[in-house]
Every structure is written in structure tokens, then in C-alpha cells.
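Asks: If you're matching them up, the sequences are chains A and B in order.
Per this note's numbering, residue 225 is the first one in the first sequence, and the count goes up by one each step.
Per this note's numbering, residue 4 is the first one in the second sequence, and the count goes up by one each step.
What the hints contain is simulated information worked out from the structure, not anything from laboratory work.
Bear in mind that the values here come from a model prediction, so they are computed numbers and not experimental data.
Hints may be right or wrong, so weigh each one.
Unchecked claim - Straight-line distance between alpha carbons at most 20 Å, and here's what the computed PhoX-like set of lysine-lysine pairs gives:
(1) K138/B with K292/A
(2) K292/A with K313/A
(3) K101/B with K317/A
(4) K274/A with K292/A
(5) K317/A with K138/B
Claimed, not checked - Reference excerpt, derived from the structure (chain A facing chain B, CB under 10 Å, subset only):
(6) I276
(7) L279
(8) P286
(9) Y289
(10) N290
(11) K292
(12) L293
(13) V294
(14) L318
(15) A322
(16) G323
(17) E334
(18) E336
(19) R338
No residue lacks a Cβ here, since even glycine has one placed at the ideal position from N, Cα and C.
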Amino acid sequence: MVCKSLASFLLKTYHGGHIVIRLAMAGHKQPNRPFYRIVAAYNKRARDSKYIEQLGSYDPLPNIYNEKLVSFNSDRIKYWMGCGAHPTKPVAKLLGLAGFFPLHPMTVTEAERRRGLAELAEGAAPEEVDKQQEL
Amino acid sequence: AHHDSEACRAVCSPDAHVKPQFMDAEVQDILTRITGLDLEKVFRPIKQELKPPTYKLMTDAQLKEVTQSAREQAQRLLKMPPVLPERKPINDVLSEDKILEGMDTAKYVFTDITFNIPHRERFIVIREPTGTLRKASWEERQDPNTSGKYDLLRSTRPIGGLVWYLKDLCDAVSLVGLFNKVHPHSETAQEASSQQASGLDLLKIYAKRESQRAGYVELALQAYEQTSAESSV
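Please construct the entire structure, taking both the sequences and the accompanying hints into account.
Replies: Dropping the structure here:
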């Protein structure tokens with residue numbers, strides 16, 4: 225399967241760098257309300273500027289059903305991966321959670337760290353309750 | 004008519020094994036009787052291309068023929084859409100990753116937006132905070148905005164609503180008969196068969212047992228009894 229033509233090869237030498245699959249902010253210009261698009265773009269371009277193709281979206285804030293909605297076009301992601309695109313770390317984590325990629329090791333590490341923090345917090349909270357009761 | 008057939012679809016989709024099928028002659032009979040044949044409604048004015056009206060001169064016999072063919076046309080239009088077998092609930096768990104427990108407080112819903120897949124066949128996958136990866140159930144697949152209307156429909160239990168809205172009580176009797184056939188295990192049917200009830204008694208039993216609008220149904224029954232008593236006197 226020939227992914228790239230002469231035109232895209234010339235474009236590549238013009239842009240320099242490779243193609244990446246990454247998250248780009250969707251530019252709704254509302255403070256404290258991020259929304260990301262999963263996008264195939266040239267590496268050297270600015271994060272939010274012109275991309276080659278949009279492959280999906282990711283809403284980091286949970287909705288009323290406590291769900292974080294992620295969409296991705298598996299067909300096109302497979303195509304761009306076949307053309308040699310590199311996914312970035314957050315995209316790799318998301319797709320690992322989805323089951324499309326193997327699970328990213330950092331996801332596991334983060335989960336362990338969170339659990340550790342939660343246990344520490346639990347350990348601290350009963351102590352505070354005891355102190356208050358003494359007082 | 005469309006509303007009726009939709010509600011009947013909700014009623015008539017049991018497991019395909021022992022219970023009466025949608026395609027049974029008896030069931031179809033009752034359903035067509037309930038649906039009725041209101042020519043005015045079937046051929047009500049719809050948006051069409053503008054064209055000047057045509058006038059035809061006919062004898063009485065020709066007029067009869069034309070009305071007959073119009074009735075047949077109406078019956079064909081009212082043909083009920085086939086009932087699909089009940090969809091099985093989706094409970095597939097793709098993987099359980101206990102190491103991921105507590106990675107996040109919210110669930111992740113992943114939808115595959117590939118272009119040419121029909122909505123029912125998409126991969127919609129949910130990753131829970133406990134780390135299990137499972138396929139989305141039918142309720143989750145729906146657009147969340149439509150779920151409110153769906154619940155409304157459910158809570159009124161379309162049968163009860165139909166019984167209320169059907170002014171002609173003969174229809175109601177046949178509907179309850181259908182209901183009994185389809186849900187032979189329900190209490191209504193059991194009591195009806197034990198008492199060999201028919202007609203108004205059937206409706207009374209249904210109103211007592213199953214209907215969520217028992218008050219309305221009973222009032223309607225009383226009114227009907229009164230009017231029938233007055234008319235017979």
C-alpha cells in the first residue's frame with residue numbers, strides 16, 4: 225500500500241520533520257474549558273495551527289453522567305500509523321485505555337501513584353478525626 | 004395508527020419460542036382491528052408538488068370501484084412494519100485490569116467514528132475507574148437526550164395509555180385480549196382465564212391489576228356502563 229506520493233514527499237522535505245498524531249486544543253476561547261482534537265499534523269507546526277486531518281476528539285471534563293467522551297477514527301489512525309506517524313504520549317495513553325493500543329506503562333504508574341496518595345490521605349484523615357475528638 | 008403499531012411493537016416482541024408470534028393470524032387480526040381503517044386519516048393532505056386539480060366524471064359503479072381500490076391502497080399503507088426480535092443486552096467485558104484501579108474518578112467512553120459503519124455496529128467501549136474494559140450497553144449507546152422521552156414512554160406503559168386513549172371501548176377489549184395472549188404469565192391473564200371473563204369484565208380485571216392509570220380506566224368503564232344502560236332503557 226503506497227501511503228505517500230511524490231507531492232507529499234516534497235511537502236515533507238519542505239516542512240522537515242515527521243507526522244505526529246497528537247492532541248490539539250480546539251480553540252473555543254473559553255477560559256477553564258479545554259477541549260482537544262486528536263489530530264494528524266506535521267511535527268514542526270504549532271500545536272493548534274493547521275493540521276492534516278482530524279482523527280477524533282477528547283473532552284477532559286466529565287459530563288453529567290460522569291463520563292469523559294473520547295472519539296477516534298480507527299480506520300484513519302491505522303492509515304497514518306501505516307504511513308509512519310508517531311503518536312504522542314497522551315494520545316498513546318488514551319488509545320491504550322481504549323484497548324486500541326496496548327496499555328501504556330505510565331497509565332499503570334499513575335494509577336499506582338494515585339492509590340498511594342489515597343491511602344496516605346486515608347491514613348491522615350482518621351488521625352485528624354481522633355485529634356478533634358480529643359479536643 | 005402509527006402510534007398504535009409502535010406500541011404494539013413494544014408489546015409484541017417477546018422471546019420467539021413459545022409465546023404467540025407477531026405473524027400469527029389471530030394476532031394480526033386483532034392488531035388490524037385495533038389499528039382501524041380511517042380513510043380520512045390515511046389519505047390526509049400531504050405535501051406534494053403543486054399541480055392543477057383534475058376532475059373526473061364517473062358513474063356510481065365506477066365511484067364504488069375507485070373507493071374500493073382506495074381502501075386496498077390504505078390497507079397496504081397501513082401494513083405494519085415487521086417486528087424485530089428483542090435485542091439481547093450487551094454485557095461483553097473485553098478485559099479486566101486490576102492494576103488500573105483508581106486511575107481516575109470518571110469513566111472513559113471511547114467511540115469509534117469510522118465513516119461507513121451503521122450506528123448499531125460501532126465499537127463503543129467504556130473503561131471504568133475499576134479498570135474493567137467493557138462494551139457499551141444499548142441504553143448507553145443512545146443519544147443521552149433521547150433517553151428522557153424513552154423513559155416517559157416506559158413509565159406510562161403504552162398499553163395503559165392506549166386503553167385510555169381509545170374512545171371506542173370495543174377496541175380496548177380486543178387490545179386487552181391481545182395483551183393477555185402475549186403475556187400469558189401476567190396476573191391479568193391468569194385471573195381472566197380462571198373466571199372465563201370477557202368484554203367489560205376483562206377490562207375491569209386489567210384496570211385493577213396492571214394498569215398504571217387504574218383510576219382513569221375505571222372511570223371510563225363506569226361512564227360506558229352508564230351510557231349503555233341509558234341507551235338500552
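Asks: Give a verdict on every hint.
Replies: Status of each hint after checking the structure:
1. K138/B with K292/A: Within the cut-off at roughly 15 Å; holds.
2. K292/A with K313/A: holds, 18 Å
3. K101/B with K317/A: holds, 17 Å
4. K274/A with K292/A: Outside the cut-off at roughly 26 Å; violated.
5. K317/A with K138/B: At roughly 19 Å apart (the allowed maximum being 20 Å), K138/B and K317/A satisfy the hint.
6. I276: violated, 17 Å
7. L279: Hint on L279/A: holds, closest Cβ of chain B at ~9 Å, below 10 Å.
8. P286: holds, 4 Å
9. Y289: holds, 7 Å
10. N290: holds, 5 Å
11. K292: holds, 5 Å
12. L293: holds, 5 Å
13. V294: Holds, about 5 Å.
14. L318: For L318/A, the interface hint holds, since the closest Cβ of chain B sits about 8 Å away, which is under 10 Å.
15. A322: holds, 4 Å
16. G323: Cβ of G323/A sits 5 Å from chain B, so the hint holds.
17. E334: holds, 6 Å
18. E336: Constraint on E336/A satisfied, holds at 8 Å.
19. R338: holds, 5 Å
Taken one by one, the earlier hints fail for this structure at numbers 4 and 6, listed in ascending order.
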